[in-house]
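Modelling step: build the complete structure from the supplied sequences, incorporating the hints.
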Amino acid sequence: MSEFMMFSLVPLAVAVIISMTCALLGNFLVLRRQSLIGDAISHVALPGIVVSFLLTGVLSSSAMMLGAGVSALVTVVMIELIRRLGRVEASAAMGVVFTSLFALGVLLLEWHGASGVHLDVEHALYGNLESLIWFDGTGPAALFDPVALADLPPQLGRAAWVGLLVVAMLVVLRRHLVLGSFDPEFAASVSARPALVDLLLVTLVAIAAIAAFEAVGSIIVIAMFICPAAAARLMTNRLGRQIAWSQLFAVLSAVLGYLLAGHAPGWLGFEASVSAAGMIASVAGLILLAACLAGPRRRRTGAATSV
Amino acid sequence: MPDDARLDKAILASPLAIHGLTVSYDHRPVVHSVDFVTPPGSMSAIIGPNGAGKSSLLKAALGITRRLTGDVRVFGRPYAQMTRHVAYVPQRNSVDWDFPARVIDVVVMGLFRDLRWWQFGGRGQRRRAMQALTRVGMEAFAERQIGQLSGGQQQRVFLARALVQEADLTILDEPFAGVDAATETAIVEVLKSLRDEGRTLLCVHHDLATVRDYFDHVLLLNVRRIAAGPVDQAFTEANLQATYGGRLSSVQLARLVEPALAAREH
Amino acid sequence: METWWRALTFTLGYNTSVVTLGAMLLAAGAGMVGTFVLLRKRALVSDAISHATLPGLALAFILVGLTTGDGRYLPALLLGAAASAAIGLWAVQSISDHTRLGEDAAIGAVLSTFFAVGVVLITVIQSMAVVGQSGLTGYLVGATAGMLASEAKLIAACALGLLAAVLVLRRQLLLVCFDADFARTQGLDTGRLDLVLLLLLMAVVVIGLKVTGLILIVALTIIPPVAARFWTDQPMRMVALAALLGALSGYLGVTLSSVREGLPTGPLIVLSAFGLFMVSFLFSPRRGVLASLLAYRRLRRRVHLRQGLLALAREEPIFDDLTLTLLCRRGHIRRDGVATSAGLAAARDADHEERLWALYRERYPDDALHREHAGLVPIHEVLSPDAIMALETQLLGRREVVR
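As they're listed, the protein sequences go chains X, E and B. Position 51 (the first sequence) corresponds to 51 in the working numbering; numbering is contiguous. So the working numbering is basically just the index in the second sequence, starting at one, shifted up by 307. So the working numbering is basically just the index in the third sequence, starting at one, shifted up by 573.
Keep in mind that the hints are not guaranteed to be accurate.
The list that follows gives simulated cross-link-like pairs (lysine to aspartate or glutamate, DMTMM-like), each with its CA atoms no further than 20 Å apart [as the list claims (entries may be wrong)]:
#  : chain 1 : residue 1 : chain 2 : residue 2
1  : B       : 614       : X       : 80
2  : B       : 614       : X       : 89
3  : B       : 614       : B       : 670
4  : E       : 316       : E       : 475
5  : E       : 316       : B       : 889
6  : E       : 499       : E       : 475
7  : E       : 316       : E       : 333
8  : E       : 499       : E       : 520
9  : E       : 499       : E       : 523
10 : E       : 316       : B       : 888
11 : E       : 316       : E       : 342
12 : B       : 614       : B       : 754
These are computed hints drawn from the structure, not numbers from a lab.
Next up, the structure:
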């Protein structure tokens, strides 16, 4: 029990919170056919972090998050500019921007690789969920012990705050978001500010991606933005229920993935465990696969129209 | 020479007065210096060939797209202050009908401005939405998923969403495109009943054959304003020829304008 | 600087020269294939394909490693990558064809899931006793520094084959990208051609893995075609230009990376491509941002000025600020808004021209449709003096009648 509290409780909680947050936002990304904005933003977190490190010289979480946030904003602005001013298709504009910024990040990283920075591409991709150890979590009593609680890894608190922020913003903006996602022209005519809401949604995606990035790596972020929401989309025709399904799938992937990563290799006779973040994302993919094969509402209804 | 004072009065009374509106796309005006004062209480059609800028004119007037020049007034005030007085029905195919929503959900979207963010739509909202659905003959479909509707039913739902806005001016972009005959009749009935309540309707319209039956005013548009006014004054052979160029044969033109001749002879 | 010059002139040694040529051929092929994919509006499919190579790479590494003890065997790794990329491609296609999810969700789901599986497999590899594990991470971001001449030759040969295939198939591919329905009526099997296009794309990605790494190879299939789009509207020229821009980025990237020890090639190739894109985006005279902004401002002033002059001629009040400013700056009105004599003359001219254009549109509606200036250009620049004389006469005649 104390082993679970010390080594597994925090990673599991962080994974669940982040998965749920990302999946919540993912519902709107999938409905607006903007799923890949999550992909783009998680790629550009790397250059943001590298640049912030080069500027500040330290690897503090706040500087990293600020750097990643700025680079996410730069990305979104660049994509919009290229799309509008250059009349380039949205997905192509996205492809131009995030790959170039990622390349910049890798270049800067390797350039400084000689000076022995503890930053590497792999870490950025896989995260280090397993390292979130709660040293004071020696037993159930620690849950009520303020001293032990103060020792909780800070990533947990940050993930929780970001989760709360996202939920609060979505509650406030729910009608704007739904209206702007379904019918942006009508939304503009009733001054629901669809463009502003677009920007807010992307900002929330960036915030969630960055909080997640620090703890679990970018790969899980992309999977969690898309897979649970996409699977939920195939389960129901009602938005409320779709969101509920996406939350269920997110929790399921996080818990199952984490447990499988820790224990499945043992069943197969391996000593070590495998990447928890990778396993969580894989489980999310499997859930989507199941939904594609058997989801009750997997077929398209209505005349498909280009957006 | 327009009388300034009189012009101002017309603009003050008009639910949508457009002055010098130019919209450009690709460095080319698609709508050029258009003036149009929608008469209050009228049912007006905007007609013109494909690519004449009919939808662009409306979208720019409503601030959905950017305009190059021009001024738009709703009852004499800038549009941004007066959005409450205007309901807009976009083209049916501008949205994804596979969206997870029921018919009633879409109609309630029309009440967007009546709710603050902390409020949840209550029974009153639902009742208003149901009334609007009843008016367009869709009350039985309230709980349906929107993807299951036919084209005509989708258009009726859009109309119902505009109805709950209870606006003085309703702007419709091709409300009769791709709908069945029964729906067309039903929509016209609703629009006429709105006009009889003193509200104003402005439609982008494609079918020249029905202009006389449905509308009382008309704006002929082909990038520029070709003509505008009451249907029996503006909807003439010469104006149609100028609007459509060689795209209408003289036989077609004669057939369209015939009712006017017949009426005059009568 | 001198090293760079030697690299640019292919005098930095055999190995560098072969790698440079290989990268150029690869980038040219990526640009060509990418153009068709871009025209088909599926630019980001390559993102899914490239991420989907990882589990195949890792599995091949495990299998080869278990049998020989060293997993680094390029042909086997590429084969594994191709196999899992093919499965990923099929998954994207099936999801977007058979479910209600859009292609964006399909791409995102496939790339993240496949990549995650790859990551899991890599952590498995890390717990195995196999030599050459660090070689595998090279596939994430590319590593040409330690590339053997034989590997570079393999890549160059594959890229050459790819170029040849694209050249042979260019017409059919273009037809499918431009108008799939029409292509079908011409008896082309569009489904199969689409598949061929995606397989070509997959080939580019797999071959490029070693050079730029799986995340950045996507850039080579997107950036050069998007940059090429700014210079031409003709699809075949766009294909050629994309190949050229791709090759140029490869050339610049590889040579730049030889300047200093430890500079990664992949990112430099991508950033070179991005530099070329930025030049096109900003300065292309056809669709570039500067040209567009200038044209927009010019058009806006022209319309404002014309509206202002016409309002002067018709003695209507002017409220628009920009119109007033422009009129004032040209000396057409005084600061207090009263028209000057020059302004009145200009207004009369504008009004007259407007009437001529209106008459022209009325008399020759079909010809007027073909002229796109919407009457903003001085009429004598467009019509012949004879045609204008004829219009003037008609206009005069009409006035007489009115009187």
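Worksheet item: Are the Cα positions of residue 316 (chain E) and residue 342 (chain E) separated by 20 Å at most?
Response: holds, 16 Å
Discussion item. Just to be careful, I want the Cα atoms of residue 316 (chain E) and residue 889 (chain B) compared with a cutoff of 20 Å; is the pair within it?
Written reply: It holds: about 15 Å lies between the C-alpha atoms, which stays within 20 Å.
Discussion item. With the threshold set at 20 Å, check whether the alpha-carbon distance from residue 316 (chain E) to residue 475 (chain E) stays at or below it.
Written reply: Holds: residue 316 (chain E) and residue 475 (chain E) sit about 18 Å apart, inside 20 Å.
Worksheet item: Given the proposed pairing of residue 614 (chain B) with residue 670 (chain B), does the C-alpha separation stay at or below 20 Å?
Response: Holds. Residue 614 (chain B) to residue 670 (chain B) sits at ~16 Å (cutoff 20 Å).
Worksheet item: Under the criterion that the straight-line Cα-Cα distance not exceed 20 Å, is the pair residue 614 (chain B), residue 89 (chain X) satisfied?
Response: holds, 8 Å
Discussion item. Residue 614 (chain B) and residue 80 (chain X) were given as a pair; does the straight-line alpha-carbon distance stay at or below 20 Å?
Written reply: holds, 17 Å
Worksheet item: residue 316 (chain E) and residue 333 (chain E): Cα distance at most 20 Å?
Response: violated, 36 Å
Worksheet item: Taking 20 Å as the top limit, are the C-alpha atoms of residue 499 (chain E) and residue 475 (chain E) close enough?
Response: Answer holds: residue 499 (chain E) to residue 475 (chain E) is near 14 Å, not above 20 Å.
Discussion item. Hinted pair, alpha-carbon criterion (20 Å max): residue 316 (chain E), residue 888 (chain B). Please report holds or violated.
Written reply: holds, 18 Å
Practice prompt. Take a quick look at whether residue 499 (chain E) and residue 520 (chain E) sit within 20 Å of each other, Cα to Cα.
Written response: Holds, because 11 Å separates the two Cα atoms, which is no more than 20 Å.
Worksheet entry | Given hint residue 523 (chain E) paired with residue 499 (chain E) - CA-CA distance at most 20 Å | This hinted pair holds, its Cα atoms lying about 11 Å apart.
Fill in: 20 Å Cα cutoff - pair residue 614 (chain B), residue 754 (chain B)
Holds, at about 15 Å.
Comparing the model with each numbered hint stated earlier shows that hint 7 is the single one that does not hold.
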